[in-house]
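A.B. asks: So you can see what is in the structure, the chains are spelled out below.
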Amino acid sequence: DSGVTQTPKHLITATGQRVTLRCSPRSGDLSVYWYQQSLDQGLQFLIQYYNGEERAKGNILERFSAQQFPDLHSELNLSSLELGDSALYFCASSDQGSHLPNTEAFFGQGTRLTVV
Amino acid sequence: KNQVEQSPQSLIILEGKNCTLQCNYTVSPFSNLRWYKQDTGRGPVSLTIMTFSENTKSNGRYTATLDADTKQSSLHITASQLSDSASYICVVSAPRGGADGLTFGKGTHLIIQP
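Keeping their order, the protein sequence lines are chains A and B.
116 is the number that the working numbering gives the last residue of the first sequence; the numbers go up by one with no jumps.
114 is the number that the working numbering gives the last residue of the second sequence; the numbers go up by one with no jumps.
You may find that some hints are simply not true.
[Said to hold, decoys possible] Here are the simulated lysine to any residue pairs, SDA-like style, with alpha carbons at most 20 Å apart:
#	chain 1	residue 1	chain 2	residue 2
1	B	K106	A	S38
2	A	K57	B	K57
3	B	K17	B	A68
4	A	K57	B	K17
5	B	K106	B	I12
6	B	K57	B	A68
7	B	K57	A	T103
[Claimed, not checked] Calculated from the model, a selection of chain B residues having no Cβ within reach of chain A, i.e. all distances over 12 Å:
#	residue
8	P8
9	L11
10	T26
11	S28
12	D39
13	N55
14	G60
15	S87
16	G105
17	Q113
No wet-lab data here; the hints were simulated from the structure.
Cβ atoms here follow ideal geometry from the backbone N, Cα and C, with glycine treated the same way.
Excised from the complex, chain A in its bound form:
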């Protein structure tokens, strides 16, 4: 167990809908990273938050947004969902502000999103 908690574990929704994925980092970790993993793309870095502020941005679509709350948990919001958004979404946390792989980060078990 990495100490990073993601909910829900599975999510099935229809095209055009909006969903929210939640991540609770390890106790004491200030950084949260979001990744998308689809079968043909491998892991894609989406966005990083550090202590409530956006720190780094990757290949995140405009339909997607994230935030980190004062208690350090983070949410990833996906809207106007398309079939191609079906993927595993991982959250990772670390105690430092620099991104992987310069720091040790711990991954949650992921949320499997299926858009039908």
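Guided by the hints, dock chain B onto chain A, whose structure is given.
C.D. replies: For chain B alone, kept in the frame of chain A given last:
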């Protein structure tokens, strides 16, 4: 464009055998390289991390090597066990910060058969 290519895409070996997974990258300049193990349905777990000045790094039965001149890395697994069945992902980092400093390989899917 920075790229990380892993080979083979998938591999099946018998329990107890050794295997080597390859990672070629074009990231330049280069800061460090990490190998992750990802069990099915779980998040990646770090196995090794090497800077450009390191040639080899071991973690139990896992040994990673790095040749920064040829931009190649390998992950050698000794005396494979059924629990080694997983995807192995190579990640290369450029020195600068930011999301564009990370390049992920697509992984090698390893299956260990009894």
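A.B. asks: So, for every hint listed, does it hold in this structure?
C.D. replies: Comparing the hints with the structure gives:
1. B/K106 x A/S38: 10 Å, holds
2. A/K57 x B/K57: Distance of about 30 Å is beyond 20 Å: violated.
3. B/K17 x B/A68: 28 Å, violated
4. A/K57 x B/K17: 41 Å, violated
5. B/K106 x B/I12: 17 Å, holds
6. B/K57 x B/A68: 14 Å, holds
7. B/K57 x A/T103: 17 Å, holds
8. P8: 15 Å, holds
9. L11: Consistent with the label, B/L11 stays out of reach of chain A, its closest Cβ about 16 Å off (over 12 Å).
10. T26: Nearest chain A Cβ is 16 Å from B/T26, so the label holds.
11. S28: 16 Å, holds
12. D39: 10 Å, violated
13. N55: 18 Å, holds
14. G60: 17 Å, holds
15. S87: 9 Å, violated
16. G105: Its Cβ does come within 12 Å of chain A, the nearest being 7 Å, so this is violated.
17. Q113: 23 Å, holds
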